[in-house]
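Asks: Sequence:
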Amino acid sequence: MTIRMGNAPVSWGIYEFKDIEPKYPYERVLDEIVETGYTGIELGPWGYLPTNPAVLKPILDKKGLQLLSSYVPVKLVDASAHAAGEEHALSVGRLLAACGAKVIVLADDNGTVPELIAQAGRRKGSALSPAQWDVFAAGVNRIAKKVFDELGLKIMFHHHCAGYVETPEETRIFLDRTDSELVGLCLDTGHYQYAGGDALEAVKTYGERVRYLHLKDCDPNIRELCIKEKLNYFQAVQAGVFCELGKGSVDFPAILTHMDSLGYDGWAIVEQDILTDDLDAPRRSARRNRDYLKKLGY
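Just so we're aligned: 16 in my numbering is position 31 of the sequence shown, and the numbers increase by one with no gaps anywhere.
Calculated directly from the structure, the hints in this document are not laboratory data.
The structure presented is a predicted model; accordingly, all values stated were derived computationally and were not measured.
We put the beta carbon where it would ideally sit given N, CA and C, even for glycine.
Among the hints, erroneous ones may be present.
Calculated pairs, PhoX-like style, for lysine-lysine (alpha carbon to alpha carbon, straight line, at most 20 Å) [to be verified]: (1) K42 / K109; (2) K213 / K109; (3) K131 / K60; (4) K130 / K60; (5) K279 / K232; (6) K42 / K87; (7) K232 / K280; (8) K139 / K60; (9) K109 / K280.
Ranges between beta-carbon positions, derived for each pair [said to hold, decoys possible]: (10) E20 / G110: 37 to 45 Å; (11) E100 / G49: 16 to 24 Å; (12) G85 / Q223: 45 to 53 Å; (13) K280 / G181: 23 to 31 Å; (14) D161 / L281: 40 to 48 Å.
Go ahead and model the full structure; you've got the sequences and the hints to work with.
Replies: Below you can see the structure in the form of structure tokens.
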């Protein structure tokens, strides 16, 4: 089996959101990623890891870690923000390319629109009109072309709760409207389940358009409680809706087997979205998640 396993700073509660401060120095996060059995890493929020490739690459090389990608949130629903989003993606992309990465994980600026935060997991259909989708997709295609032309990096788009591409319907519309040659799907199994979808059906439906994986589980009982109590996105994360792998509703054996059957030979990034005061919890979860995947043969 050729799917390789990485992890990311988000599993240690390191988020792009400005009001959530990191609780760990990056050296500890890197060491714990290695200790728990992973060989690849995502960049995390810009500035958390060193942004000079001459500094970062030797650090990662010494630890045996490969830099794989970076999650880059961009305001896509506003055409006037596309130029700034393009420059941000290029800035991050230059660091990634210099360190040997092949992809950028592009996303909407999730978690910034109050009503989307409040309704995460409960929305149906699409929050955008056809005209708004035109703007959104044009921004993605523009950024994807520029990043590929200048840096040779491919864009993998991350659907995400509390954003404009959350629901299965929004994911479908997004894929229909974007350039399949330039834009792949970063399937986040946990976010897809929390948004009311079935991640296994997603890999069966979208097949080779799924070109990057974020492995995350979703506890159906906590999800049901979050919906019943109308918890917002951050409250749901804090409640533990994204549980450890194998403890929720995501069918990882079937998903990974199906991706193998498609000839997928890329990386899968384990993400344990977490908000906790227990500073050792991320390391313990990362270990258990890795052990679970090893039992599946990965």
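Asks: For every hint, state whether the structure bears it out.
Replies: Hints and how they fare:
The suggested pairing of K42 with K109 is violated, with an alpha-carbon distance near 43 Å, which exceeds 20 Å. Note on K213 and K109: the hinted pairing holds, with a Cα-Cα distance of about 15 Å set against a maximum of 20 Å. Only pairs whose Cα atoms come within 20 Å are accepted, and K131 paired with K60 is accepted, the gap being roughly 16 Å. For the proposed pair K130 and K60, the alpha carbon gap of about 17 Å is at most 20 Å, so the pair holds.
Restraint check for K279 and K232: satisfied, since their Cα atoms lie roughly 15 Å apart, inside the 20 Å limit. With a CA separation close to 15 Å, the supplied pair K42 and K87 stays within the 20 Å bound. For a cut-off of 20 Å, the pair hint linking K232 to K280 stands: about 14 Å separates their Cα positions. A C-alpha spacing of about 19 Å is found between K139 and K60, which places the hinted pair at or below 20 Å, so the restraint holds.
This hinted pair does not check out: K109 and K280 have alpha carbons roughly 36 Å apart, beyond 20 Å. At roughly 44 Å, the beta-carbon separation of E20 and G110 lies within the given 37 to 45 Å, and the hint holds. Between E100 and G49 the beta carbon distance is about 44 Å. The supplied range of 16 to 24 Å is therefore violated. Distance hint check for G85 and Q223: the Cβ-Cβ separation is about 35 Å, which falls outside the suggested range of 45 to 53 Å.
Against the hinted window of 23 to 31 Å, the Cβ-Cβ separation of K280 and G181 comes to about 28 Å, which satisfies the hint. For D161 and L281, the Cβ-Cβ distance of about 32 Å falls outside the hinted range of 40 to 48 Å, so the restraint is violated.
In this structure, the hints that do not hold are numbers 1, 9, 11, 12, 14, in rising order.
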